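The chain contents come next:
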Amino acid sequence: MSTPFEKPQIISHIQKSLNYTIFDCKWIPCSAKLVCLGNLARGTGVLQIYEVQGGELKLNREIEKAKPFKCGTFGATSLQQRHLATGDFDGNLHIWDLEAATEPLYSVKAHKEIVNSLDGVGGLGVGDGAPEIVTGSRDGTVKVWDPRQKDTPVANMEPGAGEAKRDCWTVAFGHAFNQQDRCVCAGYDNGDIKLFDLRNMAVRWETNIKNGVCCVEFDRKDIDMNKLVATSLEGTFHVFDMRTQHPTKGFASVSEKGHKSTIWQVRHLPQNRDVFMTAGGAGNLHLWKYDYPAERSGEDSEGGAVGVAGTVNLLQNVTLSTQPIASLDWSPDKQGLCVCSAFDQTVRVLIVTKLNRV
Amino acid sequence: MSVSEVSSLLNRDNTFSATLDHDGKVPVEHLDYGYIEKCKDVKHLEKILRVLRSGEEGVYPHLNQFCEDRVKSLDPTSRALRKEQPVATAASLPTEEWSQIREDLQRWQEESKDLEASMLQPSIFHGIGNENVPPVRGTNISVPLGQNPASKAKNKPPKRALPLDYKDWDKYDVDKECEMIDGSESKKDPAAVINSGHVKIRTRVDVTTLTEKEKLLMASREKDKGNEAFRAKGYEEAVAYYTRSLSIVPTVAVFNNRAQAEIKLQRWHRALQDCQRVLELEPLNLKALLRRATVFQHQGSLPLAAEDLRAVLRVEPHNTAAAKHLTEVDKKIREGQPELPIKGRKILIQDIEEDEEEAEEHARPVDPRQPVGGVDSVVSPVERGDMGNAQKKPYGGGRGDGASPHSDASNGSHGHHRRGRGGSWDKHKAAAHESPGPGKAANGTGKRGSTASEPGAAKGGRPAGVDLDAPCGALPPPLARLKNEGNLLFKNGQFSDALGKYSQAIAGFTESGIDSPEDLCILYSNRAACYLKDGNSQECIQDCSKALELQPFSLKPLLRRATAYDSMERYRQAYADYKTVLQVDNSVQAAHSSVNRITRLLIEQDGPEWREKLPDIPLVPMAAQQHRREETPTPEVLQARAEKAAQDTARRSELRFTALKQEGNEFVKKGQFQDALGKYTECLKLKPEECTVYTNRALCYLKVEKFAEAKQDCDAALGLEPTNKKAFYRRALANKGLKDYLASSSDLQEVLQQDPGVQEAEKELEEVTALLRQSLASGASPRKKVPITEVDGDQDRSVADSAPRPQEGGAINKQPADAYEFGQSLNAARSRGDAAACADLLSSVDPERLPRLLSNQLDGHVMGFVLEALDEHLLARDPGRVYRLLQSLHTAERFTVVLMLLETAERRRVTQLFEHLSSVQSDDFTKDDVQNMANIYIL
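Chains as they are written, first to last, in our numbering: chain A, 14 to 371; chain B, 978 to 1916.
Only chain A is shown next, with the shape it has when bound in the complex (with noise of 0.2 Å):
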């Protein structure tokens, strides 16, 4: 590198080992602490709470459910309580309190078969509006939630009958900038992502990008939806600008090759939108920042208002392990840390430093 100071680095700060297989890991709001979620090998969850030291990581409690744990969140929880949805291999979706959690706050078998992926909104200060958690299922369906609504989902989209059930990879909420404006977006196993409008209860938009789709994120859940990155089986990943919708071509996007396996995971930094970070099926990471294009809108040949995206630019990359980074996230709190982990049973601690001159 000719200018090694002048670009973010990515800097492994912590590593720690795993007896157990990691699906999903995050950070806890407002500490210095994060849960790893997962899959002992005896066929039982583990959800473990480290909290950074020194420089390590130091175990503060573990517990061990029946079925392993897929995902979690915190998307839809106070500050204050900061409690943890989690998604299993069983279909059921819990939400937990960490200091006392024997018994689920909240338990309901939400889809047959193994919650893919989930997410929250509404809660932690993040956009206005309802707590609500969406779930997507290999079931084919997708369900949103509302914690204070017991056994039924407030919005469920599935196939009609006889259509076919797609396995939906990845969920992910936006457009969350008032207390009625709502978008999921989801995506599918074969390429499929719709974003589903919750104030109108329809499909707002969808397209096909070819390649099964495996992480979707908004680059903020509670704005006026904005930009939008889906990553793909084969290593694309799409980054849709969200303020334009045409009738007929819908969002304008750029796509990007980063990787040449599958982009496991998208995570948007969050003290700057702009910027992202996309994990590959050969343990890598990529750094990323978006650039808008001078005008975000153009006309098409008939008048009518069209997108125009802007491009993106690689900052920095590494690679970490050999295997999958299955998750990523960024530290709410602090700036340029995060955490991944991967399947070679570790989580890493990282730094990526220098992110505030980008």
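It is worth saying that the hints were derived from the structure and are not from the lab.
As the structure is a prediction and not an experimental result, all values here were calculated from the model.
Check before you lean on any hint, since a few could be wrong.
Sample of chain A residues with no beta-carbon within 10 Å of chain B, all distances over it, derived [as the list claims (entries may be wrong)]:
#, residue
1, Asn-32
2, Gly-56
3, Thr-57
4, Arg-95
5, Thr-115
6, Asp-180
7, Gly-204
8, Lys-223
9, Asp-237
10, Glu-247
11, Pro-283
12, Asn-285
13, Asp-357
The list that follows gives simulated cross-link-like pairs (lysine-lysine, DSS-like), each with its CA atoms no further than 27 Å apart [what the hints assert, rightly or not]:
#, chain 1, residue 1, chain 2, residue 2
14, A, Lys-20, B, Lys-1049
15, B, Lys-1049, A, Lys-347
16, A, Lys-270, B, Lys-1049
17, A, Lys-273, B, Lys-1049
18, A, Lys-273, B, Lys-1020
19, B, Lys-1020, A, Lys-20
20, B, Lys-1060, A, Lys-273
Selected chain B positions facing chain A (in silico; Cβ < 7 Å) [stated by the list, open to error]:
#, residue
21, Pro-1063
22, Pro-1121
23, Asp-1201
24, Lys-1202
Think of the CB as a built atom: it goes at the ideal place given N, C-alpha and C, for glycine as much as any other residue.
Once you've looked at the hints, dock chain B against the given chain A.
This is chain B only, laid out in the frame that chain A set:
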């Protein structure tokens, strides 16, 4: 065949194929320093690089590196340059950097521990603060996935089953419906959805239930959002988020950032406010000072800008941005105050003649503001330059004829070489060649030939400066001489000398105590011209004002003052003055162009309500207007002029009317119905006979739920345009709001009669009918049940008015208990054309009650039908009843209006009826009675 060739054949798709691919083959010769250095094709270089990296042709680390460098120099973002890198570790960083990071991290760990501990103490509000959280969305609403377009089209619109809940009508968008009524069929394709939700972002955040820590977190998050929006050039959105952040916890940084966003939006005033807030909290906040300087500069207050910049430099002497900015501002100030300093100079005004500087601004590099965190970019030079131009370019023409002094007019062909500035020279040349004013004035017959007392015009084409003692109005010879000398000097471009002469003349004038306001006015006006030339706008304005006190509505002082205000960027005052000029003389081209330009600027600056902020524009009396004209205009000219003036005022009021209406419509679009109401009301003051304004105002009243007023407006609109669908429709809504469902339904029927395709009206009618039924069921007589058949009949009628009626089911209720039932029966009978049934109905009701039963349902058709029934059926049976019915009918609501609108056939029917009636002998009435009544019916 070599091993490599074999392997490459086996791996055609791989990087190996690059060497042997027939088209994109990389010959071995290309793997050469010389070639790579010259090659400019990045694609090809990437191929070479791939070959080199593959080791296919051997391993050449140096050549490889060289090729990489070459690619990098051509395309720094080339993908071929991306290399997998191992993750950095602490060891790969310089020691001090790493220790810094570690310390930082350590501190954060401790802080977050404290934060967590404080978080764990639940807020006292905890658990009770949920009332502002929206309720649970609903239960298990199924959203179809709509996998293919066909099924999507089928499944997508989640049609609700009818009938609609009353609550749904609260969400009913009258606007949209009216648009549909208007038949805007052209919009078949849905327009692109642009998510610019910042208008919907609430600018306040309810934080009553949050702890301090949470508030801080939220505030900083909102700030982040604002910063992001700012970076994406969403300045409006950024302002919204900054405002949110400030509503949670006001901080200096956010005020500062909002100021910057406001600067970007060129809302100087707000930006200034924000800067002031910052400086109140932190008097030496450099960023705020810098930003305030920018605002001041744009507002034309250069000295204040300079002061701020100096303050910055006092704190931070090496702040290059401030230093640069300051030199610029100082330069402008100096140019505004040329060679000869004028006594008592206090406020320096940005000069108009700065074409050179404009160019410089274009070329200037980006203002290198110091990155101090937050939003750091400043207005880019291009934007600034553009804006400057927009403001300044039109000055050329504006000043050319507007600012040349009176004497200049007589001999305008001398350029003012002394000033030596290209810009000004050109302008004056332009003034001489193009401006119609001076040329005409020289001939003494020009339209704006000013007053004959003005020396310029009086002297005509006389060579300048020859006769310095030429008499000037009522001026005594010494003063006249001074004045003429001043004129000469002015013409020669010696403005400051001319200024001195004029000042002397003015002083002498006041001493001598001559009573000649015209001459003093001219002297002041001329001195003002000198000040203007010297860029001393402040003094210029003062002199112009004095001149105008002496001679209200004199053209030149007005124009000069306008120009001076303009140059000080006090556009509102400038606008008012230009407008006054135009009132005095509508042909002043410079004033026209300036007004246009300033209008644009003001709209940019103040938004659509810019007119509200204007100072009063004085109304110029006709006398003053004539005073400006030629001395003896012919009567025809006078007449033409009067006509023109009348047209002008008409046009002005027309313009104002359309502007107001436009503004009103804008407000409606934004949902600010109260504001829209105000605008429409003003509109109606200007033009009380405009039907659409009434209907629009009615819409606003509907939106703010003032149904009675809405109804009034609709009535007014219908008075003007008796067949206005919108008015009927809105009156129906108003009536619905007033719970007068009967009237509502009749209005809706009217709409449907005019245009059966209006689905909203149909829906509304169903709704109203249902409501009517409800209100009847709940409110009135429990003993009388409404027979379903009638309702059916009514619905049928409303659904398909034009369609031929199928057989009518059910009998007509001949014993109506109230107005509703009567209306139902009457409608049912009428829809079947069954006059006999109607006669039966009428014979069963008490004639006294008829007006009450008819309520406000009476329309032309009903009336015609009733009269038909009376004439053909009831008259033969019971003439006395007919007479009494007719007697009470004319007291019914809307009778006179309906009568006026009767069609000829129906009129004939009326005449016929009275003929028949008068031919009948009866005890109940005399022929005279019939005659009297006929007079009422037959107009």
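Now the hints, each set against the structure:
With a minimum CB-CB distance of about 23 Å to chain B, Asn-32 (chain A) clears the 10 Å threshold, and the non-interface call stands. Look at Gly-56 (chain A): its CB is around 32 Å from the nearest CB on chain B, clear of 10 Å, so calling it non-interface holds up. For Thr-57 (chain A), the shortest C-beta to C-beta distance to chain B comes to about 29 Å, beyond the 10 Å cut-off, and the non-interface label holds. Once the 10 Å rule is applied to beta carbons, Arg-95 (chain A) is inconsistent with being away from chain B; the minimum gap is 8 Å.
For Thr-115 (chain A), the shortest C-beta to C-beta distance to chain B comes to about 19 Å, beyond the 10 Å cut-off, and the non-interface label holds. Look at Asp-180 (chain A): its CB is around 13 Å from the nearest CB on chain B, clear of 10 Å, so calling it non-interface holds up. Remark: the non-interface label on Gly-204 (chain A) is consistent with the geometry, its nearest Cβ contact in chain B lying 12 Å away (cut-off 10 Å). The claim that Lys-223 (chain A) lies off the interface holds: its Cβ sits roughly 16 Å from the closest Cβ of chain B, which is beyond the 10 Å cut-off.
Not every beta carbon of chain B lies more than 10 Å from that of Asp-237 (chain A), the smallest distance being close to 3 Å; the non-interface claim is violated. Every beta carbon of chain B lies more than 10 Å from that of Glu-247 (chain A), the smallest distance being close to 15 Å; the non-interface claim holds. Pro-283 (chain A), annotated as away from the interface, has a beta carbon of chain B within 10 Å; the closest lies near 8 Å. Distance check for Asn-285 (chain A) against chain B: the nearest CB is about 7 Å away, which does not clear 10 Å, and the non-interface claim fails.
With a closest Cβ-Cβ approach of about 13 Å to chain B, Asp-357 (chain A) is found to remain outside the 10 Å limit, as its non-interface label requires. Straight-line distance between C-alpha atoms of Lys-20 (chain A) and Lys-1049 (chain B) comes to about 16 Å, which keeps the hinted pair within the 27 Å bound. Simply put, Lys-1049 (chain B) and Lys-347 (chain A) have alpha-carbon atoms about 34 Å apart, too far for the 27 Å limit, and the pair is violated. Taken as a hint, the Lys-270 (chain A) and Lys-1049 (chain B) pair is honoured in the structure, with Cα atoms around 19 Å apart against an allowance of 27 Å.
Between the alpha carbons of Lys-273 (chain A) and Lys-1049 (chain B) the distance comes to roughly 21 Å, so the proposed pair stays at or under 27 Å and holds. Taking the CA atoms of Lys-273 (chain A) and Lys-1020 (chain B), the gap is near 19 Å; set against the 27 Å cutoff, the hint holds. A C-alpha spacing of about 26 Å is found between Lys-1020 (chain B) and Lys-20 (chain A), which places the hinted pair at or below 27 Å, so the restraint holds. Taking the CA atoms of Lys-1060 (chain B) and Lys-273 (chain A), the gap is about 12 Å. The hint holds against a cut of 27 Å.
A distance limit of 7 Å between C-beta atoms decides the matter here; for Pro-1063 (chain B) the minimum to chain A is near 6 Å, and the interface restraint holds. Checking Pro-1121 (chain B) against chain A: minimum C-beta separation of about 5 Å stays under 7 Å; hint holds. Hint status for Asp-1201 (chain B) relative to chain A: holds, with the closest Cβ pair at about 6 Å, below 7 Å. Hint on Lys-1202 (chain B) holds. Least Cβ distance to chain A is approximately 6 Å, under the 7 Å limit.
Hints 4, 9, 11, 12, 15 from the list above are not met by this structure, while the remaining hints are.
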